[in-house]
Amino acid sequence: MDVKKIKILVVDDFATMRKVIRNLLKQSGFENVVEAEDGVLALKELKSTKIDFVISDWNMPNMTGIELLRAVRADSELSAMPFLMVTAESLKENVVEAVKAGVNDYIVKPFTHEVLGEKIDKIMKSIK
Amino acid sequence: MDVKFINPFLEGTIEVLTTMAFVKPRPGKPYLKKNNLAKGDVSGIIGITGTIKGSLALSFSAGSILKIVSNMLGEEMTSINGDIRDAVGEITNMVSGAARKKIEAMGYSLSASLPTVVSGKEHSIMHVLGGPSVVIPFEMDEGAFVVDVCMGDPQ
Chain A
29 MDVKKIKILV
39 VDDFATMRKV
49 IRNLLKQSGF
59 ENVVEAEDGV
69 LALKELKSTK
79 IDFVISDWNM
89 PNMTGIELLR
99 AVRADSELSA
109 MPFLMVTAES
119 LKENVVEAVK
129 AGVNDYIVKP
139 FTHEVLGEKI
149 DKIMKSIK
Chain B
207 MDVKFINPFL
217 EGTIEVLTTM
227 AFVKPRPGKP
237 YLKKNNLAKG
247 DVSGIIGITG
257 TIKGSLALSF
267 SAGSILKIVS
277 NMLGEEMTSI
287 NGDIRDAVGE
297 ITNMVSGAAR
307 KKIEAMGYSL
317 SASLPTVVSG
327 KEHSIMHVLG
337 GPSVVIPFEM
347 DEGAFVVDVC
357 MGDPQ
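Protein chains in written order, with this note's numbering: chain A, 29 to 156; chain B, 207 to 361.
Misleading hints may appear alongside valid ones.
What the hints assert, rightly or not - Straight-line C-alpha distance at most 25 Å; calculated BS3-like pairs for lysine-lysine:
| hint | chain 1 | residue 1 | chain 2 | residue 2 |
| --- | --- | --- | --- | --- |
| 1 | B | 230 | A | 54 |
| 2 | A | 54 | A | 78 |
| 3 | B | 308 | A | 120 |
To be verified - Far from chain A by the CB rule (all over 10 Å, computed), these chain B residues:
| hint | residue |
| --- | --- |
| 4 | 237 |
| 5 | 242 |
| 6 | 255 |
| 7 | 328 |
| 8 | 334 |
| 9 | 343 |
| 10 | 359 |
Said to hold, decoys possible - Computed list of chain A residues with no C-beta within reach of chain B, every gap over 12 Å:
| hint | residue |
| --- | --- |
| 11 | 29 |
| 12 | 30 |
| 13 | 31 |
| 14 | 34 |
| 15 | 57 |
| 16 | 66 |
| 17 | 71 |
| 18 | 79 |
| 19 | 104 |
| 20 | 105 |
| 21 | 129 |
| 22 | 156 |
These are calculated hints, taken from the structure and not from any lab test.
Where is the CB? At the ideal position from N, CA and C, for every residue including glycine.
Using the sequences plus the hints, can you model the full thing?
Following this line, the structure appears as structure tokens:
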């Protein structure tokens with residue numbers, strides 16, 4: 029499968045940030061993008077649609093990014109889902125917590141479309 | 207406020223805007239501000255806690271923020287609406303994160319609250335410590351904006 033055709037779920041409570049990430053993804057050649065505004069809605073989307081990749085913000089109301097990651101890893105059907113965490117800061121504790129919870133990689137805002145594209149390509153290659 | 211805390215905010219602002227909005231704002235000479243009137247048409251403010259307490263505000267003229275958000279979203283923005291306010295909150299959050307990373311490298315431990323966004327002519331910016339604050343002015347071809355920082359002494 030062409031990696032650029034994968035279906036990516038972007039999870040962020042800010043509509044603007046979802047648009048920004050969608051715009052950056054488009055610049056990297058990824059146009060198959062769906063959105064969810066928090067972890068709860070993301071889980072619903074993951075269970076009802078075939079998603080190939082999750083990009084999730086850390087700080088969100090209802091269900092945070094790390095809670096979503098744990099829920100995904102605990103679900104037998106979703107446990108292998110490639111998961112990229114987006115954070116506004118590179119706090120060591122956060123990174124350690126995300127790695128322990130099974131994140132594939134994380135990206136610190138601000139980031140360019142090149143960095144985002146590279147992270148996705150790298151994760152997709154590693155899981156093949 | 208210790209001058210060594212000014213550069214992280216200046217550099218953090220340039221880093222965020224060049225990376226996410228592909229603009230290169232030109233910084234001017236920082237100055238001390240004693241009132242709490244905002245310089246711009248829309249402002250984002252965020253509280254900082256930890257070994258140093260304080261707050262950071264970014265206040266944008268309409269011209270500057272319309273250009274920045276148009277670039278970020280890849281679509282032409284023509285008025286200060288909900289998308290613009292959302293983006294100002296997100297930019298404030300990212301600048302605070304980038305600046306905190308640099309200040310943490312000096313050996314301090316910081317965290318931040320959620321950003322608040324205010325818009326309208328002559329709105330005010332209330333710093334957590336009350337002020338005075340240091341203002342770093344920035345120029346873009348489309349308009350000006352300021353980074354307004356008020357940080358206390360390390361505890």
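Hint check:
1. B:230 / A:54: holds (22 Å)
2. A:54 / A:78: Satisfied, since the Cα-Cα distance of roughly 20 Å is no more than 25 Å.
3. B:308 / A:120: holds (14 Å)
4. 237: Residue 237 of chain B is indeed farther than 10 Å from all Cβ atoms of chain A, at 26 Å.
5. 242: Residue 242 of chain B is indeed farther than 10 Å from all Cβ atoms of chain A, at 26 Å.
6. 255: holds (13 Å)
7. 328: The claim holds: residue 328 of chain B sits with its nearest Cβ about 25 Å from chain A, beyond 10 Å.
8. 334: holds (19 Å)
9. 343: With a cut-off of 10 Å, residue 343 of chain B remains clear of chain A, as the shortest Cβ separation is near 21 Å.
10. 359: holds (23 Å)
11. 29: holds (26 Å)
12. 30: Given a closest Cβ separation of 23 Å, the condition holds.
13. 31: holds (22 Å)
14. 34: holds (20 Å)
15. 57: Nearest chain B Cβ is 14 Å from residue 57 of chain A, so the label holds.
16. 66: Given that every Cβ of chain B is farther than 12 Å from that of residue 66 of chain A, nearest at about 14 Å, it holds.
17. 71: Nearest chain B Cβ is 23 Å from residue 71 of chain A, so the label holds.
18. 79: holds (23 Å)
19. 104: Answer for residue 104 of chain A: holds, closest chain B Cβ roughly 35 Å.
20. 105: Non-interface label on residue 105 of chain A holds, nearest chain B Cβ at 32 Å vs cutoff 12 Å.
21. 129: holds (20 Å)
22. 156: Non-interface label on residue 156 of chain A holds, nearest chain B Cβ at 30 Å vs cutoff 12 Å.
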